[in-house]
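Novice: Work the whole structure out from these sequences, hints included.
7 is the number of the first residue of the sequence shown in the working numbering; add one for each residue after it.
Any given hint could be a false lead.
Pairs of lysine-lysine residues, derived as BS3-like cross-links and limited to a Cα-Cα distance of at most 27 Å, are as follows [what the hints assert, rightly or not]:
1) Lys236 - Lys224
2) Lys119 - Lys236
3) Lys236 - Lys185
4) Lys108 - Lys78
5) Lys78 - Lys119
6) Lys185 - Lys234
7) Lys119 - Lys108
8) Lys224 - Lys185
9) Lys224 - Lys234
10) Lys78 - Lys46
Simulated from the structure, these hints should not be mistaken for laboratory data.
As the structure is a computational prediction, the values presented were derived from the model and not from experiment.
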Amino acid sequence: MLPLDSPVWNDLECARGSAGHIPALIRRVCDPSLLESEVKASWAEVWENLCHSDSVYAATYAAVPHLACVLKGNLDSRLELLLFSGRVLGFGRLVGKPLSVKLVEGFSQVVDKIAAESAAIVREAREQNLLTRYPSTQLIQSTLALNFGCDPVVQLIQSIIDDNLEIEVVCPGCDDPNKVLVDELQSADTNVETSADDDSVTAGMTLANELGDVSLEKRIATLRSTVKCKSCDVEFAMYDGYV
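Specialist: Put into structure tokens, the structure is as follows:
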């Protein structure tokens, strides 16, 4: 873990350029005396600096091990950590220089700790009626990303909730693109034509069910639907063709 008082922070990149100001931001986020409004404002700065429009930086990976201090804090802070670290894993696009081995190792170790707490954090959010402030879809995506990495299912969940009319998948047999109509998937009987169980689909459905979001559970189930390639007639699971 890179010490917060290390001059190396000045050499790391973030969305604003030099990450020299990031240690002060981390200290503020980890302050247990923060009020709810201050927690939100501080995490908004974290997003703006370290995961701006899904662009992530060396400073992002250096910061997360320190931000994990909030795992011992209040639920709002733990939810913010879950959403942030999951977004970095599932959707982050590295900008700038390649990461050092030490940064990757430190980040990976703490992600395992966050992943171990993720399902419990999500359930607690429901128990405390926080789902209006922290949408179940985002919580599920981040939880899946923390536990399964940059999984196609995490990306596909975004597509089926964004009102996309079509999703393009690539046939693993002939590499030809196929367009799948989302409305047809949502109305299909997914118990008839399914691929072998996928752990991330199962986990997503389970979480949606526990959060009481039956509609989302059904939509996640559609990701098991079988697609028949229009070029070569090969059948494959939709998530296996997503790139």
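Novice: Of the numbered hints stated earlier in the document, which are not met by this structure?
Specialist: 2
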